[in-house]
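Between the sequences and the hints, there should be enough to build the whole structure, so can you do that?
Protein sequences appear in the order of chains F and Y.
1 is the number of the first residue of the first sequence in this note's numbering; add one for each residue after it.
1001 is the number of the first residue of the second sequence in this note's numbering; add one for each residue after it.
Any given hint could be a false lead.
What the hints assert, rightly or not - Just some of the chain Y residues that point at chain F, by a computed CB distance under 10 Å: (1) 1157; (2) 1168; (3) 1189; (4) 1198; (5) 1474; (6) 1476; (7) 1479; (8) 1489.
Bear in mind the hints are in silico, worked out from the structure with no lab data behind them.
Predicted model only: the values in this text are computed from it and were never measured.
Positions of the beta carbon are idealized from the N, C-alpha and C atoms, including for glycine.
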Amino acid sequence: MSLDLNLVALLPVLAPAVAAVLVLVLDIAWPPARATHLVVVGLGLLGGAVATVPGLLQGRGERVAALCLPDGTCLYQASSLTSGLQLLALLSGVVVLVLAWDDWSHGEGGRTAVIAALVLGATAGVVAVPAAGDLGTLLVALELATLPTAALVALERRASRQPAAVDGAVALLTTSLVSFALLALGAALWVVATGTAVLSGDAVAVAAADPARLSLLTLAAVLALAGMAFKVSAVPFHAWTPLTYHGAPLPVTTYLATVSKVAALGGVVVIVTALSGASGTSLLAVAVMAALSMTVGNAVALVQTDTVRLLAWSTVAQGGWVLLPLADLSSRGTRAAGGYLAVYAVATLLAFVVVVAVGARRGVLLTDHRGLLRDSPLLGLPLAFALLALAGLPPAVVGLVAKVVALRPVAGDGTWWLAVVAALNVALGIAVYLRWLRVLAQHPEPVDALAAAEAEAQTRSTAHTAVPARHTALIAVLTTLLVAGSVAPVGIF
Amino acid sequence: MNDLLWPALALLPLLVTTLALAVADRTSSPPSEPLVRGLSVGSALLSAVGVVGTVLTGTGVDVVWIPALGVDLDLRADGISTPLVLLTAGVGIVATALRHTRPPVDRTEEDRTAPLVGQHGVPGLAAYHACLQLVLLGALVTFLSRDAIVFFVGFELVLLPMWLLVARHGDAHEAARRDGAALRFVLVTATGSTLMLLGILALSTLTGTTDVDRWAELAGASLSGREQLLVAVLLLVGLGLKVPVWPLHTWLPWVHSTAPTAGSVLLAAVLLKMGTYGIVRLVVPVVPEGFATASPVLAGLAVTGIVWAGLACLVERDLKRLIAWSSIAHLGFVVLALATGTETGLQAALFGNVAHGVIAALLFVVVGALKERWGSADLTVARAALREVTPRLGFALVVGMAASMGLPGLAGFWGELGAVYAAWAPAEDRTEGWFRLFAVVAAVGAVIAAAYAVRVLREVWAGDRLLPAIPDSHRVEGVLIGVLVVAVLVLGVYPSLLLDVTAADAAALLTGGVR
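In structure tokens form, the structure reads like this:
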């Protein structure tokens, strides 16, 4: 049996994977290296990002394929949407790397090398998921994307926070294993229903024509989606999210909230694309998950007093928005979900970068952000813009357009109950983010003489009062992206 | 290129000034009050020149904006939108020129050590003016746009600045009340506009375009009766929250009573019109059958609102809330006129829109000025009679209330007369009996309006108390009030000025297709 490898097409996945091996080799050859490891990570991620460009430039319907069997089916195939998701994951990975540079380049022993290898491994998995052409690849890639993140969560440097981090890691690991079991069950049923492990629209169409096999296929699809839903933090598979987000080091939380979501959406898109071979199907399960995620996520986010927990619940709600257009099971739906995810990822990255920057100086509680718009507008304004983008309120037009794009397939095919739930959640979401914005816009903390002296002493004792240059650079780049997207929302959707 | 000149002049000054002021407010030494206000008024004037130019030359912008959705940035004025963009430009000048002086009272508890900005002004004044500019920009985009998605974006653009205006610069007495009112405004409007968006998206899927002119040409031909009704209901509920139509009106009095004067002026004169304009643009010509089916219910709710709000006005104790209630009644007439589906009705609605804009702007300027001087707008507190101590403000209030009760010769008359007349003789596909009943109820509502207008005048204008004395209108205020009074008189005496502008397009809207 001959396999057409086409390694060039595989480069987006290979670049981070090879970099992971390089990091481990480097660690054996030259143990004291610290920053070098992180440079290799950066190069691996950027190399992968560059390699997605040919895939991005292809027209609709075209695919970059690799690992092709003699009968023409390919185990790796990337459409322009896939390449877009890969690019998003790799660049988000770069942002997380820059954000975490200080944290990751410290620590005893081979900590840096381990973290570097884990990040690269996880990202390679994330990049492989949306391009999976068969169930085997999908399962392996999804696990590769998940398991290293559990270790990343647990590798908290500060001893005081280690118990919480381990709790978070265990929550993530447990949920992911249970979900994997569901996914594996779904995959097995899928093979029974369609007779092949390859995710092909034709096989699905044949299976859908037979009522007995159709019900089996539906069950398989629901189980598979349920297995992947935990990564999107969709309700009812969301319980790990606040625990893990809050326990993990902030850069890792950022990774989970952005890069990992790409794997989740990628997996769902793969299944949905295969299902769209059977015309006229729609999955109530996706619709219900989307509606529940938005409502629960927003409602709980509304009462949080900690910015990280608030963002954690907000990702639950936003996960619902990402799933929303997929309820339609059409190619328009998958593109809409991809576009929404891109906007969500950039805005969430920006919010996390600012939270990290403010966290180093003041803290991560909502009250620590009081008066930020006036005190340090260079942090406050970008954060405000990111929150507006997440809320979908102009002047952050890009967030509003993302909401329009996500609602369009739902309003178009007439799933009115879902559309109305989504519409009400727009208002609920606005309430969530305006609550934070209100704190940002308040007058700065009243400082009496005593508190002022105390604050000054604290200022002197902490060395990192100024925002580090790399944070400023990240904030500038991400804000520019959001503003540019608001002026001309071209190429995202 | 020449085509772009006027629309760009109408929109860009607002955008640039918004950004400049928003940035200026973040600096450690914010610019002084005269500079900020001068810049703001200058930008509003420049924009008004651009608006007039756009209207007179008939030029517009048309560029592709979001190719993936097929959305064009298509900004032009026609007979329907001309009166409203002119109203927006005019009211914009009034709102920016009004002096915003009162520092929030709760300031003492909240930030004792924040730098005092001195006598010149309120902290965050530059941001306050930036918000006004952004509201105007959003309103102009809404009224000029011929693309439903851009219309929606403009609709949403006003939310955040209005939220900031009410929450940061609203009624000084209670921070919690301000926050509540501001949040309520944003959430209600956002819910409404998202429901409207669902209607727009459904239409765009069914027709394959988001161009409202194309929708008017199709006149719902590609939609089944059920789809038409569904879309009409979605759009009407969404827009009805903004108008607001009874029973979706509960947010308005609260927001009005806490908003700063300029915010109230913009809210009543411009933002509420977005709702009625939306009905004219997106519902009446686009899904005519669906609208016809829904119209008796809509008209019924409108007249209920007229009477309900009128009765509330008879007992309301806060003068600003009272004016807000009367706005609900006046917009009830506009919606009733729209629901009749006749050309007379449409004309009356378009006229009533503008008339209410001018009258509400006048009343809110006067009442805002009084509230500033009185310290509250509570009617139960004994105060000096305006006739005696502030004859100019008193006269303006008399004109405003008289116009509000629909006295002939003043702006309010034609819209309300037209609405009642149109309801008496509705379009053929409307149930005549119901509409005649509505006409009678609306007429009763007009009588109630006279009653509450007289009540207000008796309580604050007439009488012989001379204490506590308050100063009369000062220069800028006096000029602004004067201009608005003249506008009320001109529209009342010479209504053809406006009716001729809208006539051709109003007729075209009902017969399907554009002129």
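- Task: Using Cβ atoms only, decide whether residue 1168/Y comes closer than 10 Å to chain F, and label the hint accordingly.
- Result: holds, 7 Å
- Have a go at the residue 1157/Y hint: is there a Cβ in chain F nearer than 10 Å to its own Cβ? OK, holds: residue 1157/Y within 10 Å of chain F, min 4 Å.
- How about residue 1476/Y: closest beta carbon in chain F under 10 Å, or not? violated, 28 Å
- Query: For the hint on residue 1489/Y, does the least C-beta distance to chain F fall short of 10 Å?
  - Reply: Hint on residue 1489/Y: violated, closest Cβ of chain F at ~37 Å, above 10 Å.
- Item | residue 1474/Y as an interface hint toward chain F, with CB separation required under 10 Å | Given a least distance of 29 Å, the restraint on residue 1474/Y is violated.
- Query: Can residue 1198/Y be said to touch chain F, with a Cβ gap under 10 Å?
  - Reply: holds, 5 Å
- Should the interface hint for residue 1189/Y be scored as holding, given a Cβ-Cβ cut-off of 10 Å against chain F? The hint holds - residue 1189/Y has a Cβ within 10 Å of chain F, the shortest such distance being about 9 Å.
- Interface hint status, residue 1479/Y versus chain F (Cβ within 10 Å): violated, 32 Å
Hints 5, 6, 7, 8, counting from the list given before, are not met by this structure.
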